[in-house]
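> Residues per chain are reported as follows:
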Amino acid sequence: DPKIIQKPKYLVAVTGSEKILICEQYLGHNAMYWYRQSAKKPLEFMFSYSYQKLMDNQTASSRFQPQSSKKNHLDLQITALKPDDSATYFCASSQDRQGYEQYFGPGTRLTVL
Amino acid sequence: QQKVQQSPESLSVPEGGMASLNCTSSDRNFQYFWWYRQHSGEGPKALMSIFSDGDKKEGRFTAHLNKASLHVSLHIRDSQPSDSALYFCAVSSGTGGYKVVFGSGTRLLVSP
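Residue numbers (the working numbering), protein chains in the order written: chain G, 850 to 962; chain P, 3 to 114.
These aren't lab readings, by the way, just hints derived from the structure by calculation.
One should not assume that every hint holds.
Distance condition first, Cα-Cα at most 20 Å in a straight line; then the derived SDA-like pairs of lysine to any residue [claimed, not checked]: (1) K889/G to K59/P; (2) K919/G to G948/G; (3) K69/P to R30/P; (4) K890/G to Y949/G; (5) K889/G to Q8/P; (6) K47/P to P851/G; (7) K5/P to P114/P; (8) K852/G to R958/G; (9) K47/P to K919/G; (10) K890/G to K69/P; (11) K5/P to A888/G; (12) K5/P to Y34/P; (13) K856/G to P10/P; (14) K902/G to G948/G; (15) K58/P to M20/P; (16) K47/P to G877/G; (17) K889/G to D934/G; (18) K868/G to D945/G; (19) K858/G to K58/P; (20) K889/G to P10/P; (21) K47/P to K902/G; (22) K59/P to Y949/G; (23) K890/G to R109/P; (24) K889/G to Y949/G; (25) K920/G to L876/G; (26) K890/G to M20/P; (27) K5/P to D945/G; (28) K919/G to M904/G.
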């Protein structure tokens, strides 16, 4: 059974729209993360959460907003989508925030037209 | 801003051969170096971490860290076609808030 679920697997959006990427982990981990992968930047750290609290934000744009409704959920809301946002977005989790292996989900591939 | 440099960008080795990947960080306050592997269409998966000088071996994989030069290498012996993937070096650091910075990756192709 998949331990980290990301939905949807593929997503096509139009410029200016808003989308939410879903992530759920069933590993019992306390820390969750979002990363972005594109041809321009192979794997870029975006956010980290620990016990549902935002700990680190390396994203310059406020258009990206993580949302944690439950300890094992970390969704990513993206507003005012731009073609440059096209990328694969990976959710990851680890036992705790520092020094632990991160487990990655299968990713959501977002294409903005 | 911390940088993680990987070399080579791509590497081709025959089945059964040795693959050697390199990584250098600019952050002297690192906590761990990590190696991750990503097969096409999947998320990255951790292979191993290292934080002490010297070698760490896990099966066919050996990481070597030189803290003075902030350089880590990954050696894969008896390479298999299933080892063909994108390999990332990542550095975890507490500098400016805890984060993990990934290098740009080395694409390994193991040919039968």
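> State for each hint whether it applies.
Verification of the supplied hints:
1. K889/G to K59/P: Status violated; Cα separation ~32 Å.
2. K919/G to G948/G: Distance of about 23 Å is beyond 20 Å: violated.
3. K69/P to R30/P: 8 Å, holds
4. K890/G to Y949/G: Outside the cut-off at roughly 23 Å; violated.
5. K889/G to Q8/P: 15 Å, holds
6. K47/P to P851/G: 14 Å, holds
7. K5/P to P114/P: Not OK: K5/P and P114/P at ~34 Å, beyond 20 Å, violated.
8. K852/G to R958/G: 19 Å, holds
9. K47/P to K919/G: At roughly 24 Å apart (the allowed maximum being 20 Å), K919/G and K47/P break the hint.
10. K890/G to K69/P: With Cα atoms ~26 Å apart, K890/G and K69/P exceed 20 Å; violated.
11. K5/P to A888/G: Cα-Cα ~18 Å, so holds.
12. K5/P to Y34/P: Roughly 14 Å between the alpha carbons, so the hint for K5/P and Y34/P holds.
13. K856/G to P10/P: Given that 20 Å is the threshold and the Cα spacing comes to 34 Å, the pair is violated.
14. K902/G to G948/G: 18 Å, holds
15. K58/P to M20/P: It holds: about 16 Å lies between the C-alpha atoms, which stays within 20 Å.
16. K47/P to G877/G: 18 Å, holds
17. K889/G to D934/G: Between K889/G and D934/G the Cα gap is close to 11 Å, so the pair holds against 20 Å.
18. K868/G to D945/G: 28 Å, violated
19. K858/G to K58/P: Since the Cα atoms of K858/G and K58/P sit roughly 36 Å apart, the hinted pair is violated (cutoff 20 Å).
20. K889/G to P10/P: Holds, at about 17 Å.
21. K47/P to K902/G: 25 Å, violated
22. K59/P to Y949/G: Answer holds: K59/P to Y949/G is near 18 Å, not above 20 Å.
23. K890/G to R109/P: 15 Å, holds
24. K889/G to Y949/G: 27 Å, violated
25. K920/G to L876/G: 11 Å, holds
26. K890/G to M20/P: Not OK: K890/G and M20/P at ~28 Å, beyond 20 Å, violated.
27. K5/P to D945/G: Cα-Cα ~24 Å, so violated.
28. K919/G to M904/G: 16 Å, holds
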